[in-house]
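2 protein chains.
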Amino acid sequence: MELKEYLKERKEIIDREILNYLPEDPPFGKRLYEAVRYSLTVGGKRLRPILCMAGCEAVGEDYRLAILPACAIEMIHTYSLVHDDLPAMDNDTLRRGHPTTWCKFDEATAILAGDALLNRAFEVLSEWEFDCERKVRVIQEIAKASGMLGMVLGQQCDMDAEGREDVTLEELLFMHRHKTGRLITASVVSGGITGGGSKEEIEALRKYGDGIGLAFQIVDDVLDVVGDQEKLGKNVGSDVEKGKVTFVTFFGVDGAKKRAEEEVEKAISALDIFPKSRVEPLIGIARFIVEREY
Amino acid sequence: MELKEYLKERKEIIDREILNYLPEDPPFGKRLYEAVRYSLTVGGKRLRPILCMAGCEAVGEDYRLAILPACAIEMIHTYSLVHDDLPAMDNDTLRRGHPTTWCKFDEATAILAGDALLNRAFEVLSEWEFDCERKVRVIQEIAKASGMLGMVLGQQCDMDAEGREDVTLEELLFMHRHKTGRLITASVVSGGITGGGSKEEIEALRKYGDGIGLAFQIVDDVLDVVGDQEKLGKNVGSDVEKGKVTFVTFFGVDGAKKRAEEEVEKAISALDIFPKSRVEPLIGIARFIVEREY
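For the protein sequence lines, the chains are A and B, in the order given. Going by this note's numbering, the first residue of the first sequence is number 21, and it counts up by one from there. Going by this note's numbering, the first residue of the second sequence is number 21, and it counts up by one from there.
Just chain A, same shape as in the assembly (with noise of 0.2 Å):
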């Protein structure tokens, strides 16, 4: 299997189907979503969306059955996208190599748009024509991880820990998997739960998980201090010049790169319960997010 034409292919699937999760253009607001499909268009790779596919396809069932929570939860990465970078968070002006929300229009739209694609998630998956209790099932795995008790809390914790140089090791691993490592496991975990895997399956699923989104935390702070700005289509350097502990700062480098390696490797054995076949996507996502481009 080709990683890199599955996962454009999948990618093309979710560039095209979220926009139709999106009510038809209201006769005033207008602006509002504008700013929401700009959002959501403006790139990125769809890795929880594939995910979440890839998780459906792992327990046995076709990936199309996940499609609809797969589009939800692009749109809580991305609202919390839209609102990380607003002036008063990270201020940042660039993501995707496009000018952020704010930027592009203005913070209150900005703000609001983020609003609307959070709600938007759960009101398409509360619409879902689908069994009504793993669909719920599904809404509280993503709630719980895009909330207070997951991404939120984390990029709390981020905002707690800028300019600080205190920052301990256990407190940093609490933010990482906080604010990235929740929702990445919930996409795996809901694709699963929406496939009708076994308990087994699930928990082997939130194992791989939370290796793979601790290995994707870890590589985004390697890729601040050593990554190529054009690629990235992001400002680099920002961690430092923010005076941010990261896991450069306590590992350095090679040290992190390392431990993300293992992390990777920690997840892909998760999934020996599973026919190689159906994880074979799921293997090469993991191997992918230490091997992106440095």
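Since the hints were made in silico from the structure, they are not lab data. Errors might be hidden in some of the hints.
[As the list claims (entries may be wrong)] Listed below are the simulated DMTMM-like cross-link pairs for lysine to aspartate or glutamate, each with C-alpha atoms no more than 20 Å apart in a straight line:
no.	chain 1	residue 1	chain 2	residue 2
1	A	Lys264	A	Glu191
2	A	Lys164	B	Glu54
3	B	Lys262	A	Glu182
4	B	Lys296	B	Glu54
5	A	Lys219	B	Glu147
6	A	Lys50	B	Glu185
7	A	Lys65	A	Glu223
8	A	Lys277	A	Glu190
9	B	Lys50	A	Glu182
10	A	Lys164	A	Glu182
11	A	Lys50	B	Asp186
Nothing here was measured: the structure is a model prediction, and the numbers come from that model.
We have chain A; now place chain B onto it with these hints.
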């Protein structure tokens, strides 16, 4: 029935119960939880959750069945206030006689606290131990009312209208119905769904909610002109200051009051299908809305 006593009792129930729906403090990022609790506890009439519980009673069930969705709705209402008060939005410093969340904490924390509250509402709803089908209908109702087809859209319309003198009555109505109306309607309707109301009962509650929702916003416009800052616990005169077109612009103070009263009477007559004893609180609340301190 003494409405004042009823409202006080119900408000106290929500004041007490709502904090039970928050998770325990985390080891890091506590500031987020402080901001969330602060936002939830600085008062408010708890109108929406009271409507939710009263909607449940109207269809013949015990109000306690609806405490959970009532608290979820209040979380969503609170998030909208926290975000609306931000410098990039209404730039308000005072709310219910207390510093707004961004003033008490900071902008980043206020953005995240709002995000956390919105998320938490759906988390709590999804984890509700309740009939699956009804629960999903309640989630649908609330998500639709608060998102890009409801409150968020209304807030965008409000932003777009600011400083423009060419706002039509049609646009103003659209804005009000979305910004305030939809969530008020969803409150009483969710209560009705929770209590297992019939299709006819739900539609009656929807008409009631639409009527009082509009009346509520009209009265808000009036109070911004003739209200008492002390009693309201917020700054008055801000609409005129910002050059906002309001109901008072179109109808004058007296005309706007009259329109609000008409909407309230229509709302009350929609309740005719219920036994009078079950909807006394809803009737009282409707009248209370137009009799708020001018």
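We went through each hint and held it up to the structure:
Only pairs whose Cα atoms come within 20 Å are accepted, and lysine 264/A paired with glutamate 191/A is accepted, the gap being roughly 13 Å. Using a Cα cut-off of 20 Å, the hinted pair lysine 164/A and glutamate 54/B holds, with the two alpha carbons roughly 19 Å apart. With a C-alpha separation of about 36 Å, the suggested pairing of lysine 262/B with glutamate 182/A is violated against the 20 Å cut-off. About 43 Å separates the Cα atoms of lysine 296/B and glutamate 54/B, which puts this hinted pair outside 20 Å; it is violated.
Simply put, lysine 219/A and glutamate 147/B have alpha-carbon atoms about 18 Å apart, close enough for the 20 Å limit, and the pair holds. Distance restraint check for lysine 50/A and glutamate 185/B: the Cα-Cα separation of roughly 19 Å lies within the 20 Å cut-off, and the hinted pair is therefore satisfied. Using a Cα cut-off of 20 Å, the hinted pair lysine 65/A and glutamate 223/A is violated, with the two alpha carbons roughly 25 Å apart. Distance check on the hinted pair: lysine 277/A and glutamate 190/A sit about 18 Å apart at the alpha-carbon level, within 20 Å; holds.
A C-alpha spacing of about 15 Å is found between lysine 50/B and glutamate 182/A, which places the hinted pair at or below 20 Å, so the restraint holds. Among the hinted pairs, lysine 164/A with glutamate 182/A is inconsistent with the structure: their alpha-carbon atoms are about 25 Å apart, more than 20 Å. For the hint pairing lysine 50/A with aspartate 186/B, the CA-to-CA distance comes to about 17 Å; that is within 20 Å, so the pair holds.
Hint violations for this structure: numbers 3, 4, 7, 10, all remaining hints satisfied.
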